[in-house]
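S.K.: One letter stands for each residue in the lines below.
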Amino acid sequence: MSPVRAFFQRVGAIAGKEVRQLRRDRLTGAMVVGIPLIQILIFGYGINLDVRHIRAGVVDYADTSASRALVSELEASQVVQFVHRAPDVKALRRSLAAGDISAGLYIPPDFERRRLETGRPIAQVLIDGSEPGIEAALRALASMPLRLRAADYSRPERPLEVLTEYNPERRTAVQIVPALIGVILNMTMVIFTAIALVRERERGNLELLITTPVKSVELMIGKLAPYVVVGLIQTTIVLATGVLLFDVPINGPLWQLYAGASLFIAATLALGLVISTVAQTQFQAMQLGFFTMLPSILLSGFMFPLAGMPRAAQWLAQILPLTHFNGIVRGVILRGAALQDLTAPLLKLTAFLVVAVTIAALRFRKRLG
Amino acid sequence: MPDTAGLAVEARDLTRRFGSVVAVDHISLDIQRAHIYGFLGPNGSGKSTTIRMFCGLLRPTSGTVRVLGQDVTRNPEAVRTKVGYMTQKFSLWDDLTVLENLQFIASIYTLGKRKAQERIEAVLEEFRLRPLAGRLAAQMSGGQRQRLALAAATLHEPEMLMLDEPTSAVDPQSRRDFWESLFALVARGTTILVSTHYMDEAERCHRLAILDQGRVVAEGEPGRLMDELPLQVIEVQAKDVDGARRELHTLPEVRSLAQLGLRLHVLIDRDVPDAAGRVRSTLARAGIAAEAEVTRANLEDVFVAATLPGAQAGERARA
Chain A
0 MSPVRAFFQR VGAIAGKEVR QLRRDRLTGA MVVGIPLIQI LIFGYGINLD
50 VRHIRAGVVD YADTSASRAL VSELEASQVV QFVHRAPDVK ALRRSLAAGD
100 ISAGLYIPPD FERRRLETGR PIAQVLIDGS EPGIEAALRA LASMPLRLRA
150 ADYSRPERPL EVLTEYNPER RTAVQIVPAL IGVILNMTMV IFTAIALVRE
200 RERGNLELLI TTPVKSVELM IGKLAPYVVV GLIQTTIVLA TGVLLFDVPI
250 NGPLWQLYAG ASLFIAATLA LGLVISTVAQ TQFQAMQLGF FTMLPSILLS
300 GFMFPLAGMP RAAQWLAQIL PLTHFNGIVR GVILRGAALQ DLTAPLLKLT
350 AFLVVAVTIA ALRFRKRLG
Chain B
0 MPDTAGLAVE ARDLTRRFGS VVAVDHISLD IQRAHIYGFL GPNGSGKSTT
50 IRMFCGLLRP TSGTVRVLGQ DVTRNPEAVR TKVGYMTQKF SLWDDLTVLE
100 NLQFIASIYT LGKRKAQERI EAVLEEFRLR PLAGRLAAQM SGGQRQRLAL
150 AAATLHEPEM LMLDEPTSAV DPQSRRDFWE SLFALVARGT TILVSTHYMD
200 EAERCHRLAI LDQGRVVAEG EPGRLMDELP LQVIEVQAKD VDGARRELHT
250 LPEVRSLAQL GLRLHVLIDR DVPDAAGRVR STLARAGIAA EAEVTRANLE
300 DVFVAATLPG AQAGERARA
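Line by line, the protein sequences give chains A and B.
Residue numbers for the first sequence follow numbering that gives the first Met the number 0, so the first one is 0 and each next one is one higher.
Residue numbers for the second sequence follow numbering that gives the first Met the number 0, so the first one is 0 and each next one is one higher.
If you're looking for bench data, these hints aren't it; they were derived computationally from the structure.
Computed from a predicted structure; not experimentally measured.
Heads up, some of the hints might be wrong.
Under the rule of at most 27 Å between Cα atoms (straight-line distance), these lysine-lysine pairs were calculated in the DSSO-like manner [what the hints assert, rightly or not]:
{"hint": "1", "chain 1": "A", "residue 1": "LYS214", "chain 2": "B", "residue 2": "LYS238"}
{"hint": "2", "chain 1": "B", "residue 1": "LYS112", "chain 2": "A", "residue 2": "LYS214"}
{"hint": "3", "chain 1": "B", "residue 1": "LYS114", "chain 2": "A", "residue 2": "LYS214"}
{"hint": "4", "chain 1": "B", "residue 1": "LYS112", "chain 2": "B", "residue 2": "LYS81"}
{"hint": "5", "chain 1": "A", "residue 1": "LYS214", "chain 2": "B", "residue 2": "LYS81"}
{"hint": "6", "chain 1": "B", "residue 1": "LYS114", "chain 2": "B", "residue 2": "LYS81"}
If the Cβ cut is set under 8 Å, some of the chain B residues that face chain A in the computed set are [stated by the list, open to error]:
{"hint": "7", "residue": "ILE107"}
{"hint": "8", "residue": "THR109"}
{"hint": "9", "residue": "TYR197"}
Where a beta carbon is used, it is the ideal one built from N, C-alpha and C, also for glycine.
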């Protein structure tokens with residue numbers, strides 16, 4: 000048999016065995032489909048940076064038609080919902096401390112006089128600063144122009160106009176769902192591959208494989224190939240759910256998205272390989288996998304903008320493949336960019352892949368010691 | 000038919016350290032082709048480490064080993080297709096069936112479609128696995144799994160089999176069947192290296208190395224090792240075995256005492272005249288009713304004698 004045919008036969012044997020085991024392992028099989036589905040539903044519906052219906056309370060010492068108009072106008076913005084009417088400021092603060100409400104509106108007794116003066120605030124909003132997101136929403140509310148002062152009947156001034164491109168309705172799902180492809184792939188690819196390899200070592204299969212003619216590179220390719228397919232299936236699940244449930248527009252060419260995803264999958268598989276050469280048990284592999292997860296989610300720009308991070312965190316983010324994939328996926332899906340516009344993240348992903356594969360190959364030797 | 004001339008294994012001063020622990024300490028031995036060669040020794044005596052170095056799984060710290068004419072320390076890949084290895088722990092895939100495991104191993108050795116089918120049929124027959132072909136390995140008994148492991152190790156018709164404690168998780172009937180299979184393989188010219196801690200299995204080998212603390216403390220044919228023991232063995236039968244044991248410990252010429260059920264094996268230097276009589280009179284003086292006769296040494300006696308303090312440094316038994 001020619002060496003090339005032997006190579007493909009052995010790679011095929013390993014890959015075929017891996018697929019058989021995957022199909023027999025119902026739980027893992029369910030995870031391949033279930034994890035992306037559940038994640039996208041949780042993230043898509045759960046994460047909403049566009050905060051609405053914040054529970055609020057009010058104490059109105061003025062109780063005039065104008066003060067009641069203020070309350071109803073604020074409620075009309077849908078940002079707050081006044082669920083509690085407090086007799087005094089003390090009671091208002093107590094509900095805030097208890098968590099019944101996240102904001103409180105204090106209308107002072109001299110409300111009517113304040114309306115006539117410019118330069119003095121007419122009322123005060125108390126905000127629960129312990130929860131993220133709420134403060135920003137209420138600050139935006141506080142700066143909303145309200146026609147309450149006698150002097151304000153003229154059109155309020157707006158010096159800057161903001162135009163939100165690519166997501167005009169400012170829906171969080173549009174920002175979250177594309178990046179979720181990367182987060183889910185990162186989670187499953189790294190851990191699945193690391194575990195698939197470490198499991199063979201743990202169960203003693205590797206000791207047997209080493210004494211057969213199979214070569215290290217054949218073993219690696221055969222083990223990883225099925226997971227590339229798994230990764231592309233997961234990409235499709237997230238993408239389809241995003242389009243069907245969350246109306247995420249796909250503005251760029253689909254094949255370019257899959258090309259970018261394949262590169263990212265390769266990079267995460269390589270990371271899994273590196274982990275598998277370090278971890279001795281499946282538990283360790285799992286721990287190391289999760290260890291790479293958290294920084295990926297927090298620092299990759301998935302939820303928090305890179306621009307706001309300290310310099311060191313930004314450097315760290317550059318090492319993470321997810322950071323660059325998020326750049327690619329948001330570029331292609333939302334901004335309609337072509338891959339040639341995205342050379343910087345593509346090159347960085349490729350660099351990560353080369354380095355990781357080199358480390359894995361150097362560490363993985365076909366011997367026990 | 001494989002080449003039966005020449006040596007299957009030539010090991011010279013093979014040594015392996017793990018940190019400060021010397022697992023294998025300057026082992027030198029030859030294994031003839033078409034023989035069953037045994038490694039006998041307690042856990043931690045270096046049996047597994049030696050076998051792993053023989054099949055290229057571990058690199059020796061120093062020394063060399065040639066397997067089937069190839070230097071495995073330099074080029075472990077050279078013997079891959081000629082050697083079959085059976086690990087101490089079952090190392091096939093629990094979540095694959097018997098047939099799937101065998102098909103996988105056949106592809107890994109690139110046997111070719113027709114040859115693979117032919118060999119799988121042959122081993123299913125030979126190791127009585129046909130009724131189990133569709134069963135997952137995880138759902139089989141110890142003896143069945145061991146038959147599958149041996150079937151997989153012999154699937155590519157290796158010239159040499161290395162079996163690391165193959166019968167440790169197996170019932171006595173399966174052990175007997177297993178040895179029948181080994182003899183059948185040897186009859187076809189296969190060389191077999193098998194490690195064990197069962198004396199009865201060691202006795203079935205053509206040749207044997209007794210290992211203790213990483214060293215070969217005795218080497219030769221089992222029968223000759225027993226015959227040429229430099230000590231005489233007195234078998235003592237007594238109701239009060241403990242009392243007899245305590246009493247005999249006081250005799251200066253007694254080198255070792257081992258209890259085998261209700262009997263004691265007393266090892267005494269060859270040059271002591273009428274050793275059995277001395278044992279009898281000693282016990283009689285102490286008021287212990289006992290019979291004492293000179294008996295043929297068994298492998299356990301050989302093992303005990305070889306691992307006595309002083310035995311290793313001075314006279315290594317070599318038959």
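S.K.: Does each hint hold? Answer for all of them.
M.R.: Going through the hints against the structure:
At roughly 62 Å between alpha-carbon atoms, LYS214/A and LYS238/B are farther apart than 27 Å, so this suggested pair is violated. Between the alpha carbons of LYS112/B and LYS214/A the distance comes to roughly 21 Å, so the proposed pair stays at or under 27 Å and holds. Taking the CA atoms of LYS114/B and LYS214/A, the gap is near 22 Å; set against the 27 Å cutoff, the hint holds. Note on LYS112/B and LYS81/B: the hinted pairing holds, with a Cα-Cα distance of about 19 Å set against a maximum of 27 Å.
Between the alpha carbons of LYS214/A and LYS81/B the distance comes to roughly 16 Å, so the proposed pair stays at or under 27 Å and holds. In summary, the hint linking LYS114/B to LYS81/B is supported, as the alpha carbons are separated by about 16 Å, within the 27 Å threshold. Look at ILE107/B: its Cβ gets to within about 5 Å of chain A, closer than 8 Å, so that hint holds up. Nearest Cβ of chain A to the Cβ of THR109/B: about 5 Å, under the 8 Å cut. The hint holds.
Interface restraint check for TYR197/B: the shortest CB-CB distance to chain A comes to about 22 Å, outside 8 Å, so the restraint is violated.
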